[in-house]
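There are 2 protein chains.
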Amino acid sequence: MSLISTEKILSGNKRAIARLITYVENNHPHAQSFLDSLYPHTGQAHLVGITGSPVTGKSSLVNKLAKAYRDQDKSVAIIAVDPTSPFSGGAILGDRIRMRELAGDPGIFIRSMASRGSLGGLSKAVDDAIKVLDAAGFEVILIETVGAGQSEVEIVKTAHTVIVVEVPGLGDDVQAIKAGILEIADIFVVNKADRPGAEKTVSTLRTMLELGHASTHHVLHHGQLMTVEETPSHPDEENKKMWEIPVLKTMALKEEGIDPVVTTIDRHLDYLKNSGELMDRNRTRLIDELETALQLELMDRLLGQLPPNHLSETITKLVDRNLSPYAAVQAILKSREVGSRE
Amino acid sequence: MSLISTEKILSGNKRAIARLITYVENNHPHAQSFLDSLYPHTGQAHLVGITGSPVTGKSSLVNKLAKAYRDQDKSVAIIAVDPTSPFSGGAILGDRIRMRELAGDPGIFIRSMASRGSLGGLSKAVDDAIKVLDAAGFEVILIETVGAGQSEVEIVKTAHTVIVVEVPGLGDDVQAIKAGILEIADIFVVNKADRPGAEKTVSTLRTMLELGHASTHHVLHHGQLMTVEETPSHPDEENKKMWEIPVLKTMALKEEGIDPVVTTIDRHLDYLKNSGELMDRNRTRLIDELETALQLELMDRLLGQLPPNHLSETITKLVDRNLSPYAAVQAILKSREVGSRE
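Protein chains in written order, with the working numbering: chain A, 1 to 342; chain B, 1001 to 1342.
Note that these hints are calculated values from the structure, not bench results.
Treat the hints with caution; some may be incorrect.
Derived CB-CB ranges, DEER-like [unchecked claim]:
id : chain 1 : residue 1 : chain 2 : residue 2 : range
1  : A       : 304       : B       : 1067      : 28 to 34 Å
2  : A       : 104       : B       : 1300      : 50 to 56 Å
3  : B       : 1300      : A       : 244       : 54 to 60 Å
4  : B       : 1199      : A       : 207       : 32 to 38 Å
5  : B       : 1299      : A       : 72        : 55 to 61 Å
6  : A       : 278       : B       : 1197      : 27 to 33 Å
7  : B       : 1026      : A       : 331       : 25 to 31 Å
8  : A       : 26        : B       : 1303      : 17 to 23 Å
9  : B       : 1033      : A       : 33        : 32 to 38 Å
10 : B       : 1211      : A       : 277       : 41 to 47 Å
11 : A       : 26        : B       : 1006      : 45 to 51 Å
12 : A       : 211       : B       : 1006      : 41 to 47 Å
13 : A       : 304       : B       : 1300      : 27 to 33 Å
Quantities reported herein were computed from a predicted structural model and do not represent experimental measurements.
Positions of the beta carbon are idealized from the N, C-alpha and C atoms, including for glycine.
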C-alpha cells in the first residue's frame, strides 16, 4: 500500500504528511498531483509568521505558543525555515530537540526546511508545505524564519499574521531596527523582557510605530532619524478601521506573557476577517503564486523550444558585448517562433 | 537639441547621464534604445558594492573612498540605493549633502536611487544605471546599499568586489552577524575603529572567516554556534587560488585607514582577473539579467494574448479553491493557444 494518499493527508496521518513535504522539497514528480487533489481542502488554517534574529529566543517563543494552542485544544503545525543551515543536519537536529519537548501529541506537527537550493525554490517549497498542512486540518500554522536573509521576508509575508520578535538592547538603537521589518509586523514581541532595557526597547518600538501611524515616513539618514509628512495616497485606507500594532513583552523560557500573545493573534485574525483584509491577503498571495508558476512554466516551455546551442551562443554574444540583453531577448523569442513553425 | 544622446553619455556629460538614469527609473519609452546603443561600451568599470547598516557610517566611508580614488585621478560614480526612503525627498537630500563635500569635480558622479516601486524593478533600474555610468567611462562605480532589506543583497551581488561594513559592538555577538553577509563579503571593514571593542569585532570576524575557510559550515542553532564539516563539492574550487577575505579597520570621519581599503579593492580586482573569476562573475551577472528580461517579456506577451477577463476569472476560481495553481497555469496557457489560433 502506498505510504502517501490524499485520504491519509486529509485525515492527518503524520508519516504521510512528512513524506509528501519531502516530495515537495525534492520536486518529486508525484508531488504535483497530490497538491492538486489537496488544494480544494486548503484555505482553512490561520497562517502565523514569526521572524527575528537567532538571539531573540524566537524558537522558544514558537514552542510555547504551540503549547498554549494545544492547551486550547487547537492543532498546530510549525514550519521552521532555517536559511543558516544549508544542509539537512542542522534542521533535523533542531526538529529532534523540539520533538522531545512536544513529542507524542497527535495535534502537533514540526518540520524544519533548510534553504538548500535556490531561494525562490525555498519559497515555493514552503508554500506547498503550508498547503499540505492546511489540507491536513492543522488550525494554526506557525512559520518561523530568521529575519536577516533575502527571501524569508517574502516567506513571512505570505502569512496572515506576522509577529516580529525583538530583545532588549537590540532595539535601543533606532537604526538597528531594520526598515523593512516595521512594514511587515502585525504584532511586536519583546522577548527576554526580564533583561535590562526592556522598557526602553518597548518604548522605542512604540515611538517608531507612532511615527509610522501619523502618515509619516521615518528616514534614516547619515545616522539621524528624520521624519517627513506624506499625504495618504489611498483615501480608502484612511476609512478602513486600522489595526494598531501592539508591542507585547514575553519571557518565553519562563512561560510568561505567552497567553496575551495568543489572544492578540486571535484578535488579529478577527480584525482581518471583519475588515475584509483576510480576503485581500489570500487573493494577493494566490496571484503571486500564480505569477511565479506561470513564469516557471513559460521559461520551461521556451527552453524546450529553442534550437540547440542557441542560448549559449546568445550568452557568448552578450558577454562579448556584441548583443544587448534587450536585443538578446528579441532574438531568442524570434528563434523560438522559427523553431516552432518548422 | 536633445538633452540626451549616446555621444553625450559616452563623453561623460553629467546632465545627460542624470537624465537618462531618470528615464531608466521611470521606464521611459526612450530608455531602452539608449541602453542598447551604450551596451557595446560597457564592461570596463570596476563595480564595488558596499553594504552595512546605517549605524556603521558606511556613507562616510564611501565618500572618503571616492576622494581617495580622485587623488589617484580615477573617475568615480556613486549609486546609493536607499530602500528606507520610499520617496525621492530623502534620496535627493542625501545627494545634496554629499554634493557639497565632493562638488564641482567632473570626475565624480553621485546618484541616490530609492525603492519606490517593486523591488525587482529597483534591481533592474540599478543594473541599467550601472550600464549608463560604465559606458560614460567611470572607472570605479561604488554601489552603496543598506544590508538589511530583501533585494539589496541581490544588488550588491552584482558587484565585482563586495565590502561589508561593521562597527565595534555590533559584531561582538557572533549571532548578530547575519548568515548571508559572510557569503557575499570579499572585504570586511570595521569602521569607527577608535570605539571600544574594535579588536574584539575584528577577531570575531576573523574567527568566523576561519571557520568558513576550513570547509565547514557555521550553524546558528538555538543561540549556539555549531560547526559541521563538509566535503567540498567542487574539486576545482580547491585548486583555484583562494582569496583570503581581509578584515580592515577604518575611521572614515578622521580619514584614517582609507588608503589600505583602496589598495585592497585594487588587489581584489587583480585576483579576480588572474583567477578567471572576473569573467565568471560577469557571465553569471549577464545570464541573470537575460533570464529576468526574458521572464518579463514572456509574461508581457502572454498577458497580451489572453482573452479579456480570462485572468480575473481564473483568479476567482483559485480563491474559491475550484482550481489549483498548477491547473490554472495549464488553463491559462491553453487559453492563449486557442486565442492565437483564432
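Hint by hint, here is what the structure shows:
Between residue 304 of chain A and residue 1067 of chain B the beta carbon distance is about 53 Å. The supplied range of 28 to 34 Å is therefore violated. A beta carbon spacing of about 53 Å between residue 104 of chain A and residue 1300 of chain B agrees with the range 50 to 56 Å that was offered as a hint. For residue 1300 of chain B and residue 244 of chain A, the hinted distance range of 54 to 60 Å is not satisfied, since their beta carbons lie about 41 Å from each other. For residue 1199 of chain B paired with residue 207 of chain A, a C-beta distance near 34 Å keeps the hint of 32 to 38 Å intact.
A C-beta distance of roughly 44 Å is found between residue 1299 of chain B and residue 72 of chain A, which places it outside the suggested range of 55 to 61 Å. The supplied range of 27 to 33 Å is broken by residue 278 of chain A and residue 1197 of chain B, whose beta-carbon atoms lie about 47 Å from each other. In this structure the supplied range 25 to 31 Å holds for residue 1026 of chain B paired with residue 331 of chain A, their Cβ-Cβ distance being about 27 Å. With their beta carbons about 32 Å apart, residue 26 of chain A and residue 1303 of chain B fall outside the hinted range of 17 to 23 Å.
Separation of residue 1033 of chain B from residue 33 of chain A is about 47 Å and departs from the stated range, judged on CB atoms against 32 to 38 Å. Between residue 1211 of chain B and residue 277 of chain A the beta carbon distance is about 44 Å. The supplied range of 41 to 47 Å therefore holds. Look at residue 26 of chain A against residue 1006 of chain B: about 50 Å separates their beta carbons, and that is inside 45 to 51 Å. Taking the beta carbon of each, residue 211 of chain A and residue 1006 of chain B are about 45 Å apart, inside 41 to 47 Å as hinted.
Residue 304 of chain A and residue 1300 of chain B have their C-beta atoms about 20 Å apart, which leaves the hinted 27 to 33 Å range violated.
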